[in-house]
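Top to bottom, those sequences are chains A and B.
Quick note on the working numbering: the first sequence kicks off at 1 and runs consecutively.
Quick note on the working numbering: the second sequence kicks off at 1 and runs consecutively.
Keep in mind the hints are simulated off the structure, nothing from the lab.
The structure displayed is predicted, hence computed values, not measured ones.
One should not assume that every hint holds.
The calculated lysine to aspartate or glutamate pairs, modelled on DMTMM-like cross-linking and capped at a C-alpha distance of 25 Å, are [what the hints assert, rightly or not]: (1) A:Lys128 to B:Glu158; (2) B:Lys88 to A:Asp52; (3) A:Lys128 to A:Asp165; (4) A:Lys128 to A:Asp160; (5) B:Lys88 to B:Asp148; (6) B:Lys88 to B:Glu169; (7) A:Lys128 to A:Glu109; (8) A:Lys128 to B:Glu8.
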Amino acid sequence: MLFELREVGLRRGGRTVLDSVSAAIPEGSTAIVGPSGAGKSTLLRLLNRLADPDRGTVAYRGRQLDSYDPLALRREVALVPQLPALLPGTVESNFRYAAGLAGEPLEAERTLALAGLDPGFAERDVAKLSVGEQQRTMLGRALAQRPRVLLLDEPTSALDPAARDAIEAALTELRRELEISVVLVSHDPEQARRLGDWVLRLEAGRVVGSGPLAEVLA
Amino acid sequence: MSTSIHVEAWQVAASLALVAVAAAISFWRGADLERDIGVATVRSFVQLTLVGYAIDLIFEADTVWLVLLLLAVMVLFGAITARHRAEKVPNSFVPLLIALAVAGASTLGLVVALGIFDPTPRYLVPVGGMVIGNAMTASAVALNRLGDEMHDARSRVEATLALGATAREAAAPTVRRALRSGMITLVDSTKTTGLIFFPGTMVGMLLAGADPTDAVRLQLILLYTLLGSVSISALLATTLAYRNFFTPAAQLRELEKA
Chain A
1 MLFELREVGL RRGGRTVLDS VSAAIPEGST AIVGPSGAGK STLLRLLNRL
51 ADPDRGTVAY RGRQLDSYDP LALRREVALV PQLPALLPGT VESNFRYAAG
101 LAGEPLEAER TLALAGLDPG FAERDVAKLS VGEQQRTMLG RALAQRPRVL
151 LLDEPTSALD PAARDAIEAA LTELRRELEI SVVLVSHDPE QARRLGDWVL
201 RLEAGRVVGS GPLAEVLA
Chain B
1 MSTSIHVEAW QVAASLALVA VAAAISFWRG ADLERDIGVA TVRSFVQLTL
51 VGYAIDLIFE ADTVWLVLLL LAVMVLFGAI TARHRAEKVP NSFVPLLIAL
101 AVAGASTLGL VVALGIFDPT PRYLVPVGGM VIGNAMTASA VALNRLGDEM
151 HDARSRVEAT LALGATAREA AAPTVRRALR SGMITLVDST KTTGLIFFPG
201 TMVGMLLAGA DPTDAVRLQL ILLYTLLGSV SISALLATTL AYRNFFTPAA
251 QLRELEKA
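This is chain A alone, in the form it adopts within the complex:
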């Protein structure tokens, strides 16, 4: 199993966000679905230790998450947040920063292509990109670290349908090109159908369904 959560509980601001969540996430492509406020994003943040649960355990490839160095873990399990949050500079300087943190050489053109961006974007100022282009730059920045797992938090929620299709096409292409597992949070069951092989359904902080796509989102 890629990730295994056991009896995971988490409270924030006096509210239970995750309530005894036990679930397995296999290699491949998993979609975490559910209404907003169900705890999807919080669960995703646990997977690369941007947050820790109050109770229960999370394991990655059979080892407890807290036995990994958090910085090394985050380079291997990359998270792309819901809204773009790039560093000031060009697209390429953002890629280079991420690649440098991971100690990986940067292949800028290939990274641009994987993120669905034309080569001409390398020198573009990120402040002058559309939100959709910024989000693809976020995706490319994560890929510049050559992660083994990609965590995506509602990567298309702020985008119009055309920009959403571009991101989804980039993700589909990416999975064909790279040996990479993807865990995607989405409030949209249709997107889960398009991108997921495995589905985890959350409601009010609890797991209400988990299994292959065809069984859970029949």
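Model the placement of chain B on the given structure of chain A, informed by the hints.
Relative to the frame of chain A, chain B by itself:
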């Protein structure tokens, strides 16, 4: 520099006419500062009078220990005051206390070691007060900015952490801007000193009848000394305080005030 000047109590009382002008303007234009002006006037009178007596005692006693005690009290009150400006920074008191203490001790230590001032109460008390006061302002401004920026840039900081950056790397642009804002006021006023305003020490010495050359030289020494203390305090305050936004596992702490 053995100049002396006598100021009568009626002269102080007469200068209250300008306080009345300030209060009248505030009342006339609805700035709602009359009460604050009153409090400021009374407090400045009481505080400076008490400090005057304290300094008198310290000069009489002529011992360095009393000076150190006074400076320690200034550092403590400075840190308490600055903390109110840095409300968005978790646990800012200890970083501020360390910043003010180290800035005060190292700057005063250096000017004494270089032979610029004698280690006597007559020099250490006023210079120490200026050094600690300016260090307090600079570190308060720096941490105020740090708090605001860490809240505004929360998503960017966390997105950088998500790439496996250390807390230090993720906070670096924010810490840099906070340090800059703590230092820039004094740097700018040092640039324009003499052109746009006459700094306090020089004004005081000229009023007291000192030679203008002496007044200028002493003012320059103080300005340069203050640049040192301001940068040391802003550097230490920001370097120590940014860590309080992160857990040991390089996660952003949940903060009460968003």
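Comparing the hints with the structure gives:
1. Our distance criterion of 25 Å between C-alpha atoms is met by lysine 128 (chain A) and glutamate 158 (chain B), whose separation comes to about 22 Å.
2. For a cut-off of 25 Å, the pair hint linking lysine 88 (chain B) to aspartate 52 (chain A) stands: about 23 Å separates their Cα positions.
3. The hinted pair formed by lysine 128 (chain A) and aspartate 165 (chain A) meets the criterion: a straight-line CA distance of about 21 Å does not exceed 25 Å.
4. A distance of roughly 18 Å separates the Cα atoms of lysine 128 (chain A) and aspartate 160 (chain A); the hinted pair therefore holds under the 25 Å criterion.
5. Simply put, lysine 88 (chain B) and aspartate 148 (chain B) have alpha-carbon atoms about 7 Å apart, close enough for the 25 Å limit, and the pair holds.
6. Our distance criterion of 25 Å between C-alpha atoms is met by lysine 88 (chain B) and glutamate 169 (chain B), whose separation comes to about 20 Å.
7. The suggested pairing of lysine 128 (chain A) with glutamate 109 (chain A) holds, with an alpha-carbon distance near 20 Å, which does not exceed 25 Å.
8. Distance hint between lysine 128 (chain A) and glutamate 8 (chain B) is unfulfilled; the C-alpha atoms sit about 65 Å from each other, more than 25 Å.
Of the numbered hints stated above, the single one contradicted by the structure is hint 8.
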